[in-house]
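Asks: Residues per chain are reported as follows:
There are 2 protein chains.
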Amino acid sequence: MKYCFGVDVGGTTVKMGLFQTDSMLLDKWEIPTRKDLGEDVILSDVANAIREKMAEHGIRREDVVGIGVGVPAAVTGGGFVEQVANLGWTQKDVKKELEELTGIEVKVENDANVAALGEMWKGGGEGYRNLVMVTLGTGVGGGIIVNGQILTGTNGGGGEIGHILADRNETECCGCGKKGCLEQYASATGIARLARRKLAENSKQTILNADEVSAKTVFDAVKAGDEVATQVAEQFGAYLGYALADLGAVLDPEIFVIGGGVSKAGEILFTYVKKYYQERTFFTCKDVKFALAKLGNDAGIYGAAKLVIV
Amino acid sequence: MKYCFGVDVGGTTVKMGLFQTDSMLLDKWEIPTRKDLGEDVILSDVANAIREKMAEHGIRREDVVGIGVGVPAAVTGGGFVEQVANLGWTQKDVKKELEELTGIEVKVENDANVAALGEMWKGGGEGYRNLVMVTLGTGVGGGIIVNGQILTGTNGGGGEIGHILADRNETECCGCGKKGCLEQYASATGIARLARRKLAENSKQTILNADEVSAKTVFDAVKAGDEVATQVAEQFGAYLGYALADLGAVLDPEIFVIGGGVSKAGEILFTYVKKYYQERTFFTCKDVKFALAKLGNDAGIYGAAKLVIV
Numbered sequence: 000m001k002y003c004f005g006v007d008v009g010g011t012t013v014k015m016g017l018f019q020t021d022s023m024l025l026d027k028w029e030i031p032t033r034k035d036l037g038e039d040v041i042l043s044d045v046a047n048a049i050r051e052k053m054a055e056h057g058i059r060r061e062d063v064v065g066i067g068v069g070v071p072a073a074v075t076g077g078g079f080v081e082q083v084a085n086l087g088w089t090q091k092d093v094k095k096e097l098e099e100l101t102g103i104e105v106k107v108e109n110d111a112n113v114a115a116l117g118e119m120w121k122g123g124g125e126g127y128r129n130l131v132m133v134t135l136g137t138g139v140g141g142g143i144i145v146n147g148q149i150l151t152g153t154n155g156g157g158g159e160i161g162h163i164l165a166d167r168n169e170t171e172c173c174g175c176g177k178k179g180c181l182e183q184y185a186s187a188t189g190i191a192r193l194a195r196r197k198l199a200e201n202s203k204q205t206i207l208n209a210d211e212v213s214a215k216t217v218f219d220a221v222k223a224g225d226e227v228a229t230q231v232a233e234q235f236g237a238y239l240g241y242a243l244a245d246l247g248a249v250l251d252p253e254i255f256v257i258g259g260g261v262s263k264a265g266e267i268l269f270t271y272v273k274k275y276y277q278e279r280t281f282f283t284c285k286d287v288k289f290a291l292a293k294l295g296n297d298a299g300i301y302g303a304a305k306l307v308i309v
Numbered sequence: 000m001k002y003c004f005g006v007d008v009g010g011t012t013v014k015m016g017l018f019q020t021d022s023m024l025l026d027k028w029e030i031p032t033r034k035d036l037g038e039d040v041i042l043s044d045v046a047n048a049i050r051e052k053m054a055e056h057g058i059r060r061e062d063v064v065g066i067g068v069g070v071p072a073a074v075t076g077g078g079f080v081e082q083v084a085n086l087g088w089t090q091k092d093v094k095k096e097l098e099e100l101t102g103i104e105v106k107v108e109n110d111a112n113v114a115a116l117g118e119m120w121k122g123g124g125e126g127y128r129n130l131v132m133v134t135l136g137t138g139v140g141g142g143i144i145v146n147g148q149i150l151t152g153t154n155g156g157g158g159e160i161g162h163i164l165a166d167r168n169e170t171e172c173c174g175c176g177k178k179g180c181l182e183q184y185a186s187a188t189g190i191a192r193l194a195r196r197k198l199a200e201n202s203k204q205t206i207l208n209a210d211e212v213s214a215k216t217v218f219d220a221v222k223a224g225d226e227v228a229t230q231v232a233e234q235f236g237a238y239l240g241y242a243l244a245d246l247g248a249v250l251d252p253e254i255f256v257i258g259g260g261v262s263k264a265g266e267i268l269f270t271y272v273k274k275y276y277q278e279r280t281f282f283t284c285k286d287v288k289f290a291l292a293k294l295g296n297d298a299g300i301y302g303a304a305k306l307v308i309v
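From first to last, the protein sequence lines stand for chains L and H. Count the first sequence with numbering that gives the first Met the number 0 and you get residues 0 to 309, in order. Count the second sequence with numbering that gives the first Met the number 0 and you get residues 0 to 309, in order.
Check the hints yourself; a few may be wrong.
Note: identical chains are not told apart, hence a pair may lie in one copy or across any two.
Claimed, not checked - 20 Å max Cα-Cα, derived PhoX-like pairs, lysine-lysine: (1) Lys177 x Lys274; (2) Lys273 x Lys177; (3) Lys293 x Lys94; (4) Lys274 x Lys222; (5) Lys178 x Lys273; (6) Lys215 x Lys94; (7) Lys203 x Lys178; (8) Lys178 x Lys274; (9) Lys177 x Lys285; (10) Lys285 x Lys178; (11) Lys27 x Lys52.
Hints listed in this document are in silico derivations from the structure and should not be mistaken for laboratory results. Since we're looking at a predicted model, the values are computed, not measured.
All chains, full assembly: derive it from the sequences and hints.
Replies: Here it is, written out as structure tokens:
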């Protein structure tokens, strides 16, 4: 039996998984991201954790086919990152450094792209090879898989669908500095913003409360039949549905997989997203499938492992 | 020396090229698209033309590595088209039929995608492997190349960038039946439509004449310093520039190649497109290059040939 590791480097913790190359997850664990101790500590901690885990399971180096790594940054040249403020990294060749530390082959990709690969392999997109993953969390992340491969892009910026233009008339800024990005409407914070705007202009009765509105309270209210919350869901559905229709015309995927905190609302999301998707979609992609992500926080370790399994 | 053929099937003529596999174009010619004589005639004419050309040049079958074909339709499964009204084709396995007629390996792709591949190989995108080609003609066509390969899509609909949403407030219909598609603003007909709208609401002096306005007269007037025409160019630039910024965020290409009749206006197009592209682009793709297409009507035969040259 051969083995590999999937490593998902986040700002607070590094999630790690030991897999058999037949896809079975044997062990998963986390280590803290000790980013304040100098820029070499994180990868050194990862290498030590891998070494310990190999010893614990009695796995020899020659039986490990590789280490896949997801990082919260644009990755170029197979493993280089320019700057990751979140981790205190500057101009870091993650692939080379971790290979030197472990003696094992390493592949590195952006974490959202890796999560998409994970969902394709063993999650909501299992069985498909052309997939767009949309992660609706604090922001809107994305990952594109074409013929089973991550669309990385020239500068590692492939799949940044949170920053496509959703509203030319927006007056507030997105975190990226531009105005009108999809992320401003379809993320958890975006949905809350839409709801606050709606409440400010609304005189109808509603169970929503402007002081504690969130994506969760909005969709809970939708499920309870609240009219104002339903109007917010329609707005959300139009922004995301139209954007996915554009991606359908450009990428013509087999399936859209929706993950992230907002996706906990469940299938009801699709009621609103599909309605507007179908209104706009180009005919070639009208039969695309929609699915919820299944792997949750494990998508990163699954996708990272899949990077090194051919 | 090995050879291949590039075939670009259009509604009126079939353009054909005989290439050496080192990329040299040895011969090019056209035959009429005899679509009214039954649905098998077009491919049979193509096969005969190839046979005659091989005899003329003394080329043996074993020295022909393949025939690449571009067709004005969505292509799936490597060579199947569902319906091509333009050619009278229904449920046609173009690859299989032409292989049976010629005894030579055939690859088939959508014509816009093939043109993109041609421009990558020997045109405005030569030297790049991640490219988006935008064809501004009667409509807006597109082709996406990722790592040197056409992004075909699940149903052959990859790269249909003319039908991404450019204006949610549009009231008129696009040819596809939806409202607000990029094609309604950035095609030759779209630019003329923008100009007519502008002239209808305009009271300023202008050399544009509503009765004979076209993409050409608009950009000629822009070059002559006409203020109203310049406003139209700004609108065009915003629609196309914003759309390309979205494609930048999603695909992160190295270069955008602009072709089609509108591109005859030349570098002045980029003045308007780049301005709005830069206003909206996600940071990872801000340094993307822009170039004019170089191959004109030959892009199809070049790209088709490249399909069969590994």
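Asks: None of the hints should be skipped; say for each whether it holds.
Replies: Status of each hint after checking the structure:
1. Lys177 x Lys274: between (28 Å within a copy, 14 Å between copies)
2. Lys273 x Lys177: Between copies, since 16 Å is at most 20 Å while 27 Å is not.
3. Lys293 x Lys94: Close neither inside one copy (28 Å) nor across copies (39 Å); limit 20 Å.
4. Lys274 x Lys222: within (17 Å within a copy, 44 Å between copies)
5. Lys178 x Lys273: between (25 Å within a copy, 17 Å between copies)
6. Lys215 x Lys94: Result: close neither inside a copy nor across copies, 39 Å intra and 51 Å inter.
7. Lys203 x Lys178: neither (29 Å within a copy, 31 Å between copies)
8. Lys178 x Lys274: between (25 Å within a copy, 16 Å between copies)
9. Lys177 x Lys285: between (30 Å within a copy, 13 Å between copies)
10. Lys285 x Lys178: The answer is between: 16 Å across copies meets 20 Å, while 29 Å in one copy does not.
11. Lys27 x Lys52: The answer is within: 10 Å in one copy meets 20 Å, while 63 Å across copies does not.
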